[in-house]
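S.K.: These are the residues of each chain, in order.
Protein chains: 2
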Amino acid sequence: MMKYYFDLLSQPSRALWIFLKMTKVPAQFIKVDLGKAEHLTDKFKEINRFQKVPCIVDADGFKLSESVAIFRYITSLNDVPENWYPKDIKARALVDEYLEYQHNSVRLPCAMYFQTKWLIPRLSGNPIDEKKAAAYKKLMEQSLNNLENVWLESADRKFLASEEISFADILAACELEQPKMAWYDPFDGRPRLRSWYDRVRDATNPYYDEAHVVVKKVIEKNGKSKL
Amino acid sequence: MMKYYFDLLSQPSRALWIFLKMTKVPAQFIKVDLGKAEHLTDKFKEINRFQKVPCIVDADGFKLSESVAIFRYITSLNDVPENWYPKDIKARALVDEYLEYQHNSVRLPCAMYFQTKWLIPRLSGNPIDEKKAAAYKKLMEQSLNNLENVWLESADRKFLASEEISFADILAACELEQPKMAWYDPFDGRPRLRSWYDRVRDATNPYYDEAHVVVKKVIEKNGKSKL
Numbered sequence: 769m770m771k772y773y774f775d776l777l778s779q780p781s782r783a784l785w786i787f788l789k790m791t792k793v794p795a796q797f798i799k800v801d802l803g804k805a806e807h808l809t810d811k812f813k814e815i816n817r818f819q820k821v822p823c824i825v826d827a828d829g830f831k832l833s834e835s836v837a838i839f840r841y842i843t844s845l846n847d848v849p850e851n852w853y854p855k856d857i858k859a860r861a862l863v864d865e866y867l868e869y870q871h872n873s874v875r876l877p878c879a880m881y882f883q884t885k886w887l888i889p890r891l892s893g894n895p896i897d898e899k900k901a902a903a904y905k906k907l908m909e910q911s912l913n914n915l916e917n918v919w920l921e922s923a924d925r926k927f928l929a930s931e932e933i934s935f936a937d938i939l940a941a942c943e944l945e946q947p948k949m950a951w952y953d954p955f956d957g958r959p960r961l962r963s964w965y966d967r968v969r970d971a972t973n974p975y976y977d978e979a980h981v982v983v984k985k986v987i988e989k990n991g992k993s994k995l
Numbered sequence: 769m770m771k772y773y774f775d776l777l778s779q780p781s782r783a784l785w786i787f788l789k790m791t792k793v794p795a796q797f798i799k800v801d802l803g804k805a806e807h808l809t810d811k812f813k814e815i816n817r818f819q820k821v822p823c824i825v826d827a828d829g830f831k832l833s834e835s836v837a838i839f840r841y842i843t844s845l846n847d848v849p850e851n852w853y854p855k856d857i858k859a860r861a862l863v864d865e866y867l868e869y870q871h872n873s874v875r876l877p878c879a880m881y882f883q884t885k886w887l888i889p890r891l892s893g894n895p896i897d898e899k900k901a902a903a904y905k906k907l908m909e910q911s912l913n914n915l916e917n918v919w920l921e922s923a924d925r926k927f928l929a930s931e932e933i934s935f936a937d938i939l940a941a942c943e944l945e946q947p948k949m950a951w952y953d954p955f956d957g958r959p960r961l962r963s964w965y966d967r968v969r970d971a972t973n974p975y976y977d978e979a980h981v982v983v984k985k986v987i988e989k990n991g992k993s994k995l
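Quick mapping for you: the protein sequence lines, in order, are chains Y and Z.
Counting from 769, one number per residue, gives the positions in the first sequence under the working numbering.
Counting from 769, one number per residue, gives the positions in the second sequence under the working numbering.
Careful: at least some of the hints might be erroneous.
It does not matter which identical chain is meant; a pair holds if it fits inside one copy or across any two.
List of simulated lysine-lysine pairs, DSSO-like, C-alpha gap at most 27 Å [said to hold, decoys possible]:
#	residue 1	residue 2
1	K813	K906
2	K813	K858
3	K804	K989
4	K855	K792
5	K792	K899
6	K985	K858
7	K820	K900
8	K771	K855
9	K858	K811
10	K789	K926
11	K820	K926
12	K900	K858
13	K989	K792
14	K789	K985
15	K820	K905
16	K799	K858
17	K926	K984
18	K855	K831
19	K899	K804
20	K804	K906
Just so you know, the hints here were simulated from the structure itself, not pulled from any lab data.
Take these sequences, add in the hints, and give me the full structure.
M.R.: Listed below in structure tokens is the structure:
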């Protein structure tokens with residue numbers, strides 16, 4: 769059976785976790801505790817040469833990292849419902865477009881805003897670098913506005929890249945949880961994005977909420993339980 | 769015929785340009801002059817809603833952006849030699865792994881180091897932000913060391929993700945041209961990376977050099993013609 773290495777603190781780990789649970793692709797789930805730096809051990813280097821999660825080791829020993837590459841590998845080998853990654857070439861290309869777009873446009877600023885505002889001050893004991901946080905906030909808001917106005921261009925656009933939910937939607941939703949942990953509501957003033965998020969969560973629950981138990985605790989602790 | 773919109777100042781534009789020339793996939797090549805801000809016109813917004821290059825409009829009007837998504841779309845529709853994107857699921861997954869890895873690990877710091885050291889001071893008239901440049905340099909050097917020591921882990925590893933040249937190699941080589949324009953030699957102290965680069969260039973010439981005529985002029989003007 770394929771071994772799936774993850775930590776639910778990692779956004780792409782959560783996205784693949786939800787995808788595996790939704791599709792019931794057989795996998796052994798193995799937690800790698802980032803908080804205990806388990807990904808930095810020599811033992812884990814044998815599992816993933818880049819020492820990051822998520823990653824997989826297939827039954828025959830084949831190793832792969834990068835969430836989007838793992839997603840494609842799994843859909844190539846398993847009979848996964850087509851909505852997650854359409855077989856039609858053009859429909860698939862539009863999902864691919866988001867999967868490539870998100871790396872620098874959505875993932876980077878959301879992750880770095882969270883790290884700058886929340887994670888780094890807690891790990892280092894230093895105050896928040898507000899100048900850096902403001903720069904990432906600006907980039908993040910450009911991307912959130914693009915999600916609201918370009919990807920979800922009209923009210924009848926239900927999902928980011930296709931008529932039905934695809935892996936693009938899970939990946940995006942998981943990234944948007946990061947700023948929520950740093951007192952920023954990505955849905956404030958973005959009604960289409962909020963409705964889209966509710967649709968993604970509804971379509972993937974109970975797994976979506978299960979994957980976000982720890983994230984939700986942080987958000988609640990920050991006194992923003994309504995987000 | 770498919771229309772390909774590009775500017776050879778853009779690294780992924782060059783990568784797809786070389787790929788299209790190498791594979792002789794029929795395409796109409798349309799230059800979008802970034803220097804004249806042609807990508808920011810309303811007319812171009814009709815072609816690509818994100819107003820970036822590269823992008824395509826296929827013969828039937830289908831629009832697509834994101835170099836890696838365009839690459840996958842083209843290989844799905846055309847009979848392209850298999851080395852560029854293997855059909856074997858595992859071999860393909862390893863090319864995918866690099867195509868996903870590179871966004872934040874290679875492309876981001878190489879592009880931002882070039883912009884911080886060279887482009888932004890020229891456009892703004894302000895001095896180089898050396899602190900920012902140093903931060904990007906650190907990230908860039910981590911990635912270059914990963915290319916040298918992990919991706920090209922042994923002397924008999926000829927290409928990044930497979931035994932033969934793939935699109936991963938073109939994409940990577942084009943990104944490494946950016947720091948060269950900002951007085952940084954990515955191959956200094958990285959002999960495997962230098963040999964790999966020579967192999968990629970040899971395998972894709974005369975198109976590789978044709979795509980880099982302007983880039984080479986900048987490098988030569990900077991007095992680093994040996995790079």
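S.K.: Against this structure, judge whether each hint is valid.
M.R.: Structure-based check of all given hints:
{"no.": "1", "hint": "K813 - K906", "in the structure": "between (36 Å within a copy, 22 Å between copies)"}
{"no.": "2", "hint": "K813 - K858", "in the structure": "between (38 Å within a copy, 20 Å between copies)"}
{"no.": "3", "hint": "K804 - K989", "in the structure": "within (22 Å within a copy, 50 Å between copies)"}
{"no.": "4", "hint": "K855 - K792", "in the structure": "both (19 Å within a copy, 25 Å between copies)"}
{"no.": "5", "hint": "K792 - K899", "in the structure": "neither (44 Å within a copy, 48 Å between copies)"}
{"no.": "6", "hint": "K985 - K858", "in the structure": "neither (40 Å within a copy, 39 Å between copies)"}
{"no.": "7", "hint": "K820 - K900", "in the structure": "both (25 Å within a copy, 25 Å between copies)"}
{"no.": "8", "hint": "K771 - K855", "in the structure": "both (26 Å within a copy, 24 Å between copies)"}
{"no.": "9", "hint": "K858 - K811", "in the structure": "between (42 Å within a copy, 23 Å between copies)"}
{"no.": "10", "hint": "K789 - K926", "in the structure": "within (22 Å within a copy, 38 Å between copies)"}
{"no.": "11", "hint": "K820 - K926", "in the structure": "between (33 Å within a copy, 25 Å between copies)"}
{"no.": "12", "hint": "K900 - K858", "in the structure": "neither (39 Å within a copy, 40 Å between copies)"}
{"no.": "13", "hint": "K989 - K792", "in the structure": "neither (33 Å within a copy, 58 Å between copies)"}
{"no.": "14", "hint": "K789 - K985", "in the structure": "within (22 Å within a copy, 53 Å between copies)"}
{"no.": "15", "hint": "K820 - K905", "in the structure": "both (25 Å within a copy, 21 Å between copies)"}
{"no.": "16", "hint": "K799 - K858", "in the structure": "between (36 Å within a copy, 24 Å between copies)"}
{"no.": "17", "hint": "K926 - K984", "in the structure": "within (25 Å within a copy, 46 Å between copies)"}
{"no.": "18", "hint": "K855 - K831", "in the structure": "both (25 Å within a copy, 18 Å between copies)"}
{"no.": "19", "hint": "K899 - K804", "in the structure": "neither (30 Å within a copy, 31 Å between copies)"}
{"no.": "20", "hint": "K804 - K906", "in the structure": "between (32 Å within a copy, 25 Å between copies)"}
This entry does not satisfy hints 5, 6, 12, 13, 19, going by the numbered hints stated previously.
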